[in-house]
Amino acid sequence: MVQMTFGEAKIAAVAQAMRQDERVIIIGGAAFGGHRYMTLGAPLVQEFPKRVYATPIAELGYVGVAVGAAMTGLRPIVTVSTSSFVYEAWPQIINEAPNIYYMTAGQTKVPMMVHLLTGIRTAGAAQHSARPQAMFMQTPGLQIISPATAEDALVMVQPALDSERPTVWIDHALLMEEDIRGSSSVQGQQTAFGKAAIRRAGKDVTLVTYGITTVRGLNAAERAAAEGIDVEVVDLRTLCPLDRDTVLESAGRTRRLVIADECSLTCGVSAEIAASVAEAGVDLAKPLKRMNTPDVPIPFSPLEEQELIPSEDKILAALRGVM
Amino acid sequence: MTPPLPNEQLWEALRRMLLIRRFEETCDAISHEPYFPGHHTHLYIGQEATGAGVAMALEPEDVVFSTHRNHGHTLSRGADPGRALAEILGKATGYCRGRAGTLHGCAPELNMPYNSAIVGGNLPIAVGAALTAKHQGLSRASVMMFGDGVMEEGVFYESINLASLWQLPIILVCENNAWPKEDIQTSQPEGRGSLATKQLVNVAETFGIPAIAVDGADVGSVYDATVAARQRAVSGGGPTFIEARTRGWPGGTGKTDLSWAWGEPPTPWHRRDDAVLRLAAELERSATTSQKQLLELDSRVSQTMSEALQFAMDSPYPPAEEAYANVWP
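Residue numbers (the working numbering), protein chains in the order written: chain A, 1 to 323; chain B, 1001 to 1329.
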């Protein structure tokens, strides 16, 4: 069991990767914590002052620089901070990095990682609450990781770098806060990279989660247990590769399914899970439920914002709804 | 201006430029054939001296990036014309097994690791290659060949800002192939329809990047500027901006007859702006080179090009099932 917060764990993982391989550099000033945890990356700057490049406000430029550095011998980790800013770098992340290995018929690799603080983080309003992960899933050639626990933050960075694939790290601005309340080291079992983890075994209903919804889903599952509903929580861990097998096996066993996903409903991560379950002909006792953010831009004002978030309460209600 | 290149190098420059010319004329000719895939090619006719002049000033370890108009860059870097044309035809023998085509053609084995066909797409990537060189203390330059249209894209400004801030070893070769009617040596053109600045070099200088404008149809000037830029790059002096000015090929004149160099060219463009004819004429006027030698060179290059076309035509397509390969390392 890892005794550190999620925030500490991810810095430790990056530091370890940098100690192991001097080709690993950071572009973007080690902004792993966003504006609420500005000093989170400070130990990295201290230990590797010449390997952390602070940048101008030029997401497209510096992500492109990382692509070029990666294909010529470095292993850049780019910190974009708030994930909404990644839209400024869209041409490089969507239209260059994932196509290069394919278009050169396997001759040129782009071993880089882009770290994003996604999510509805309270008071981010429509422009600082982005959840772009499903858009990335529409981009063949991009690996997408979404560690939800401190343990996973520690064990998933190195294999993602070792894969030499352009990788997007879907982090969540509230994961660090969730850790502070002590819910980070849930069932810290080691699972192979690219495989989903069963965070909590259960026999009545399968709850598919990743990132922040893993934390909320595990809390909801405990409350459901008190009501006599035995929930199996499947944490996807990586969105590409997507471990459909574990989802199908679990849903086939429990015959009930809820998918909790902070993306907007339409064509979100949950839509792909639901489609896979339907396509595989899993015989569900009741129609599955998707617990997503509605197809609405995110409001600034707190009551409106809370109304839209796929919260622990709403996940619990969805679990009750499929029984 | 006396060309800084000795005569044998001018001869080599002409060989490369003629190869590009014959290659592009071949592409132009076959682009209307039913077996030609894709929409059209972006030809390099008229800009051969820029490609050859830059390439001859570089070392094999330098990393070169290009654009959608890349045929001349890969050829002047030493690419085999058969494999280059096979790539354009989508054949398995192409430099990227037909995955890249005309728009994205590159040659990783010649240190041209990737070509983006998006205007400005390769520019920050080239800056990244320069970051690798500086970060690892390597004595090599990153070279970005790009058209003037890139300066209409926002990424241009982000990229050159980073290159200058971090003093990266990059040579920014802006191929301004839309030079207007005025004399190419004059310093004050009328301006362009799509870019508010009249002087491209001023933009680079504003960002603290040394900049020079050269006649892009004069291989000696291009070579000279690139040698200086490379020296600056590998000695820690940071980026250089070279504007290579050329006038666009009017098209529709068919295959170039090299004897126009000392005879009657069909258009004013061929007389004034055709880089190949200008260099051939210069060599013809020198004491060491005869018309016969020039025509023999052209004949050898044309023969090479015929064989290249045959090789590309005879090459197989990659099989359908190969579509699933190389998504992931």
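These are computed hints drawn from the structure, not numbers from a lab.
In this text, a Cβ means the ideal position worked out from N, Cα and C, and glycines have one as well.
One or more hints might be untrue.
As the list claims (entries may be wrong) - Beyond 12 Å from chain B on every Cβ pair, some chain A residues (computed): (1) N95; (2) T104; (3) A225; (4) R290.
To be verified - The calculated EDC-like cross-link candidates involving lysine to aspartate or glutamate, where the alpha carbons are at most 16 Å apart (straight line), are: (5) K109/A / E1109/B; (6) K195/A / E249/A; (7) K1134/B / E249/A; (8) K109/A / E164/A.
Unchecked claim - To give an idea of the chain A side of the interface with chain B (calculated C-beta under 10 Å), a few residues: (9) G29; (10) G34; (11) R36; (12) Y37; (13) E96; (14) G106; (15) T108; (16) V110; (17) Q143; (18) L308; (19) I309.
Verification of the hints:
Interface exclusion of N95/A from chain B breaks down, the closest Cβ pair being 6 Å apart, not more than 12 Å. For T104/A, the non-interface assignment is contradicted: its Cβ lies about 5 Å from the closest Cβ of chain B, within the 12 Å cut-off. With a least CB separation of 40 Å from chain B, A225/A remains clear of the 12 Å interface cut-off, as annotated. Non-interface call for R290/A relative to chain B: holds, since the shortest CB-CB distance, roughly 28 Å, exceeds 12 Å.
For the suggested pair K109/A and E1109/B, the alpha carbons sit about 13 Å apart, so the restraint of at most 16 Å is met. Between K195/A and E249/A, the direct Cα distance comes to roughly 13 Å. Compliance with the 16 Å bound is thereby established for this hinted pair. Simply put, K1134/B and E249/A have alpha-carbon atoms about 51 Å apart, too far for the 16 Å limit, and the pair is violated. Between K109/A and E164/A, the direct Cα distance comes to roughly 7 Å. Compliance with the 16 Å bound is thereby established for this hinted pair.
Evaluation of the G29/A hint against chain B yields a violated restraint, the C-beta minimum of about 13 Å exceeding 10 Å. Annotation: interface hint on G34/A violated; nearest CB of chain B at approximately 22 Å, more than 10 Å. A least Cβ separation of about 27 Å between R36/A and chain B goes past the 10 Å threshold, and the interface hint is therefore violated. Of the supplied interface hints, the one on Y37/A is violated, with its beta-carbon coming no nearer than about 26 Å to a beta-carbon of chain B, more than 10 Å.
About 6 Å separates the beta-carbon of E96/A from the nearest beta-carbon of chain B, less than 10 Å, and the hint is met. Because the closest C-beta pair between G106/A and chain B is about 4 Å apart, less than 10 Å, the hint holds. Hint on T108/A holds. Least Cβ distance to chain B is approximately 5 Å, under the 10 Å limit. Given hint, V110/A at the interface with chain B, holds; its Cβ is 9 Å from that chain's nearest Cβ, closer than 10 Å.
For Q143/A, the interface hint holds, since its Cβ comes within 10 Å of a Cβ in chain B; the closest pair sits about 8 Å apart. The restraint placing L308/A at the interface with chain B is violated, with a minimum CB-CB distance near 32 Å, outside the 10 Å limit. Violation of the interface hint for I309/A is found here, the shortest Cβ-Cβ separation to chain B being roughly 34 Å, above the 10 Å cut-off.
Violated hints for the displayed structure, listed by number in ascending order: 1, 2, 7, 9, 10, 11, 12, 18 and 19.
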